[in-house]
Amino acid sequence: MSDADDDAFIAVTDLTKTFRVRRRSGLLRRTTSEVRAVDGISFTLRRGEMTGFIGPNGAGKSTTVKMLTGILTPSGGRLRVAGVDPWKERTRLVRRIGVVFGQRTTLWWDLPLRDSFGLVRRMYRIPRDRFEENLARCVELLELDGLLDVPVRQLSLGQRMRGDITAALLHDPDVLYLDEPTIGLDVISKARVRRFLARLNAERGTTVLLTTHDLSDIEQLCERVVVIDHGRLMYDGALSGLHEVGQGERTLVVDLERELPPVEGITGARTVRTEGPRQWLAFPASASAAPLVSQLVAAYPVVDLSLREPDIEDVIARMYEGSEGRSPSTDSGRPGVQPQR
Amino acid sequence: MAETLSGACARAVLGRAVWGLRAYGFIAAMWIRSSWAYRASFAIMLAANFASTALDFAAITLMFAQVDALGGFTLPEVAFLYGTSCVAFGLADLLLGTAERVGRRVRDGTMDILLTRPVPVLSQVAADRFALNRLGRILQAGLVLGWSLTRLELDWTAGRMALLVSMVLCGAVIFGCVFVLGGAFQFWAQDASEVQNAFTYGGITLLQYPPTVFGKELVRGVTFVVPLAFVNWLPALRVLGRDDPLGLPGWMDFAAPAVALLCCAGAGALWRAGLRAYRSTGN
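Residue numbers (my numbering), protein chains in the order written: chain A, 121 to 461; chain B, 17 to 299.
For the record, the hints were derived by calculation from the structure and aren't laboratory data. The beta carbon of each residue, even a glycine, is placed where N, CA and C say it ideally should be. Be careful, since some hints might not be right.
[To be verified] Pulled a few chain A residues facing chain B out of the computed Cβ check, cut under 7 Å:
hint, residue
1, 193
2, 211
3, 214
4, 215
5, 219
6, 231
Could you build all of it, start to finish, from the sequences and the hints given here?
Following this line, the structure appears as structure tokens:
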């Protein structure tokens with residue numbers, strides 16, 4: 121298929137979505153206010169890229185994903201996915217994308233997995249041999265054997281999620297959207313899903329856009345992250361770059377010979393915590409640890425040292441806080457709140 | 017050029033309709049097969065469906081135990097009216113009854129999932145949980161209709177036969193349209209709270225009973241009785257060889273197919289508008 125540019129396989133330009141919210145004010149009167157759920161977002165994804173899409177609740181993530189999947193019509197801006205305008209050619213688009221909603225299943229609750237997959241085959245008009253091949257691969261890699269004849273409602277959350285992922289991949293989509301694919305899963309199921317997604321991306325070159333609140337998903341799977349808040353793009357780039365933008369800090373954990381007052385006089389570092397002979401020194405993630413360590417060893421009786429990388433959750437939390445002040449104006453209450461779901 | 021363009025357009029629309037029907041077929045077939053796994057429960061549901069609708073007619077026969085005619089109609093004549101309208105309604109309910117669930121789908125977010133599949137949303141909504149046990153109603157009404165025909169001693173000309181078949185089929189189409197219209201309406205009134213208000217403030221009498229007694233049945237009554245008058249009542253009178261008490265022009269008796277087509281166009285347009293509204297506002 122040569123109808124899509126591989127460098128801008130998903131191209132989003134100045135995308136906006138405005139919802140009109142009607143609210144009752146008084147007995148009969150109603151006020152209508154406009155809420156910008158998505159406020160001029162632009163980014164492009166290369167073919168085969170695996171990108172994390174994050175933001176707090178109500179940031180506009182789901183709204184953006186719904187526009188990318190052709191469910192919602194944008195209010196403004198341009199949008200192309202695999203060379204298709206999602207809202208104009210919904211049916212053509214959906215043959216080329218797979219969607220997994222972590223919170224609700226796309227499978228048929230009362231049908232066994234096998235029947236659900238059979239319906240998917242007919243809906244997408246997947247040739248029988250390709251269907252069998254894809255199904256066999258997913259069943260093997262996602263460890264679904266023995267579950268195919270179980271009605272979906274009897275599956276555990278992890279099993280159901282793996283079934284959902286299978287259903288989304290039977291028609292060989294070029295793009296896979298995953299909305300909270302590991303929500304509520306136990307550690308083993310999470311690892312299994314992540315391993316599978318990494319392999320899918322590496323072997324098949326499927327472009328993946330992953331929305332999640334679990335940042336370890338992103339740390340393990342994505343090299344690139346797009347962060348949005350209040351409907352605006354906050355960050356778009358490598359995961360490692362987030363630390364600098366979010367002013368992430370690394371921590372040097374120092375074990376001294378004995379209990380001492382908080383360490384002082386080390387350039388660029390400050391003591392954030394002491395506990396007996398152990399002390400925690402924070403310094404900017406972008407700075408080198410070597411001069412710090414040499415200064416410290418010269419001035420203090422150091423027994424042991426260890427270095428902790430910044431916690432990505434903290435970095436992102438700090439980013440959200442930083443954005444709180446300059447939010448797009450909305451009528452009242454929590455800024456940027458929009459009807460979710 | 018214009019011809020080829022409109023031709024392509026017509027082909028696209030036709031192709032979409034055929035694909036929609038095929039999709040309806042295989043989704044419904046899947047549900048039938050899956051319910052076949054629980055044959056006993058299917059049989060019980062079918063019998064229950066049969067029995068519960070049969071009670072309607074039992075009430076009518078009880079009335080006739082006291083009187084010889086109801087509004088000038090004999091029991092076989094009333095049975096004929098009952099049978100034709102119930103078969104039509106049953107067919108529509110069997111094929112499109114689940115279109116009523118749009119509001120729930122919008123609320124719980126499963127409408128979004130339907131939109132991510134390459135199948136017309138109406139096919140998916142209408143074929144979902146396709147249940148053959150709804151045949152119970154059709155079976156029951158069909159028996160009543162059959163019995164009335166044996167008792168009516170009508171002269172079965174070709175015209176009369178055609179009118180009978182057409183009135184049942186057109187009735188089914190029109191009831192089906194009402195189901196689709198009702199579903200489309202729910203794209204706007206998802207929680208139907210406005211409708212609810214109309215009922216709660218509507219009349220003190222209604223408030224004296226639990227709203228569940230009325231709500232659905234009253235809406236059904238009004239929405240289905242109006243088209244019924246034009247589609248079932250008038251041709252039925254002609255089949256029975258009676259005069260129309262309202263004195264409407266005679267051609268109205270044959271208007272059913274036209275009304276059915278009109279309903280289809282209206283229901284289709286409103287459905288598309290509803291879907292468009294949903295896609296621009298979300299939920």
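Tested hints:
1. 193: Result: holds, 5 Å to nearest chain B Cβ.
2. 211: For residue 211 (chain A), the interface hint holds, since the closest Cβ of chain B sits about 5 Å away, which is under 7 Å.
3. 214: Since chain B brings a Cβ to about 5 Å from residue 214 (chain A), closer than 7 Å, the hint holds.
4. 215: holds (5 Å)
5. 219: holds (5 Å)
6. 231: With Cβ-Cβ at 5 Å, under 7 Å, it holds.
The structure is consistent with each of the numbered hints, conforming to all of them.
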